[in-house]
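**Student:** The lines below spell out each chain.
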Amino acid sequence: MKVELRGIHKYFGVNHANDDITLTIPSGTIQGILGENGAGKSTLMKILSGFIHADSGEVLLDGKPVVIESPAVAIHDGIGMLHQDPLDFPPMRVIDNFMLGQKGGLFPNRVRAARDLRRLQKEFDFDIDPENYVDSLTVGERQQLEIMRLLYLGARVFILDEPTTGISAAQKDKLFETLKKFREQAITVIFVSHKLEDVEKLCDQVAVLRQGKLVGAMDKPFDQKKLVEMMFGKEVPLGTKQTACQDRTVLNLDHVSIEGMRLKMKDIDFHICEGEVVGLAGMEGSGQDLFLRACAGLIRTVGGVVKVNDRDLTGKSYHTYKKHGVEFLPAARLEQALAPGLTLAEHFILAEKQTGVFINHERGRRLAEERIKTFNIKGAPVSPVESLSGGNQQRTLLSLLRHPLSLVLVEHPTRGLDIESVVYIWGKLKERCKQGAAIVFMSSDLDEILQYSDRVLVFYNGRISHPFDANKTNVQQLGELIGGKGWDE
Amino acid sequence: MKHTTLNRIGFQFLALLLAFGIASLVLLAVGASPAQIYKDMFGSLGTKGKIADVLVSWAPLLLATAGLLITFAAGLWNIGVEGQITFGAIGTTLVLRLLQNSAMNAGFIIALSIFAGMLAGALWAALAGALKTFGGVNEIFGGLGLNFVATALTIYLVFGPWKRPGTGSMSGTQPFPEQFNLPLFEGLRLSPWALIVAVVGIVFVSFLLQGTYFGLRLKAVGKNFRAAYLLGIPTWQYMMFSFLLCGALSGAAGALQVTAVYHRLIPSISSGYGYLGLMVAMLVNYQAIAAIPVAFFFAALNIGSIQLPIVHKLDSSFSGVLQGLLVLFILLAEGARQRLTPKA
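Chains A and B, in that order, are what the protein sequence lines are.
Each step along the first sequence adds one to the number in the working numbering, with nothing skipped, and position 61 is 61.
Each step along the second sequence adds one to the number in the working numbering, with nothing skipped, and position 65 is 65.
It should be emphasised that the hints constitute simulated quantities derived from the structure, not laboratory data.
Treat the hints with care, since some could be wrong.
Partial list, derived from the structure: chain B residues whose beta carbon lies under 10 Å from chain A [to be verified]:
#1 L216
#2 A220
#3 V221
#4 A227
#5 A228
We treat Cβ as the ideally placed atom computed from N, Cα and C, and that holds for glycine.
Starting from the given sequences, assemble the full structure and let the hints guide the process.
**Tutor:** If you want it as structure tokens, here you go:
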């Protein structure tokens, strides 16, 4: 199906999120959309898939203008969107999820749906048990399920938003294989990403957005240097790495045991020094999140001793840890770390030390302006936090961190962010290290882990590897451990 | 900015028109003349006595609203406010009964009894809060249950231990001697003290929510519980505080009902001000000071409808119909405004 966007404009308040976007995607093409965070990629895709409406502009499918009122209308017109976090229903079975959105009376035909699901699985070489519950699937498998569901609903245009984050290399290969098959069936694919290599490997043509505008397009073969230039407008310096571990221990775990909903972790011994960065690698849900939360006092340990700056904090709450200079930054920024509805200035006031009973709003505004400048946040003191883009929300979180700090625990510090933000955020984190803070972070991006950590721990099904020196290990070695190879029984 | 304000006023005006329009249809359906009825409801507002009557019900309504604004800020639906008013009234009655024969100064006893009412209201709210924070019982269900308990307890007291000499009756307990009533304006049923307490209450809440760390933290808890916790706010303590404050303010409303209006405990002492307060709080949406005129308007509807059964043989619950319609349409208009207004 041929997709044409003509003169799309979208404003959020004063922010011109899409500025006159015109783009033609021929039938059966894999179109890459590149751009840094806040460039307007998500906005454009949400307009195309009916989640939000353009202020002006036209969408044409196979030459016919369409009005996409809602996601339901979009799928009716043949546009299906695969979200970064699959929009499925984890407590339901695979087959039930597969049938969602189907028209057809009070009594759905499970037998026929099961047969069709089997047929689709065979066609794309997927292997998901229809009777399994979705919450037991990996992100990659949930993606596969969503792809089949959208196909079953008659999607002829697939929008994929950052689909390669959080899935394994094998699943990524399979995903790309599937998308290439779509080409033969004249299905159009729109692939939104900030990973250049993925775009290069997969796409036929690429469009680059920057600050709401379409700044360039390119056909195969791509000139990577030029693409980076189009995305950022300037050269991006990479962060430098330092391996300076002083001898003062900030955090010490001694035979600690943790029990999560699904995992039990026993006898963890771990310590981290001032200024050190430790990366936690592993498939999602292998225990890294439990580990981080246990280090912050957000979940209670069931055995052993946790010491922060040589003080025994075992069994204490997060607020006690906070008093001793520990901060936790969750991956779900808007859901867990910021209060939607409150402004940037109000967040800074909340994070600062309280002075008296009454708030000095003027001081709060000045504080916000100063932080917005230092942390390069695109927003105003009165902007509600939910109006910021993901990268700017992450910058805000960093700017909320107090001084001085002993330990920063970060979940996916740069998930979904563009290269410039990544470099910026790591620059700020490394600054903290120089001031004596230790950092423990988890990431599904091995390159990030290797680039920024001093030591690496690999998690597999609740087990923790011995620490690797980041300079002496490589993707191959870590990858095998993440996949479950090389663990002595 | 100016454009937005104008726009908002336009939509709200439309909402008023629609609410009165639908209410008129209801009136027409039962064969009454809307014009005549609205005239009777509002026309009589002209007299000094009538305005005083409206203010008599405005004061407790404003106090209940003030309390609810605090729990709203914390993201809580404190339906239990009715019971908290009732409990406040019970607390006040208890202290007055205990001390009415003592040698203490009557004014001091009244002050003490109002304080006891606030304490009792806070206590009842704390129960709903404890159920929520420690028992995982949603405050709506907990509050509703506690409302029934409070009502039952009032009826038990009125007909049991605190009944009038002879037999208990729905008209309540034995009225207190006159020196235990809050002083009234000359020739009116309105007490200046009730007005003072109500205005102090709403100004206090307005200030608390707009200008203090406590208010901002409370809002953070209400907007995102988990983020507030990570920001270092002791979340459950703040929730409990908001329940306590709301309980104290609605307890004060109950205390006024006893000391300034009824001078005794009656079975329906809360007069539905709690539920009405929920509507006012929803309408003013954090703007505490706006509650002053809105509560006045709602109180005026209540007072205006008292005549309806006598003059028009209509049930006085018509004011409830009108109030409900107003809330519905004003919220609807706000939603429509946000949807229809182009963002620029």
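**Student:** Now tell me, hint by hint, if it's right for this structure.
**Tutor:** Right, here's what the structure says about each hint:
no., hint, in the structure
1, L216, "holds, 6 Å"
2, A220, "holds, 5 Å"
3, V221, "holds, 8 Å"
4, A227, "holds, 5 Å"
5, A228, "holds, 6 Å"
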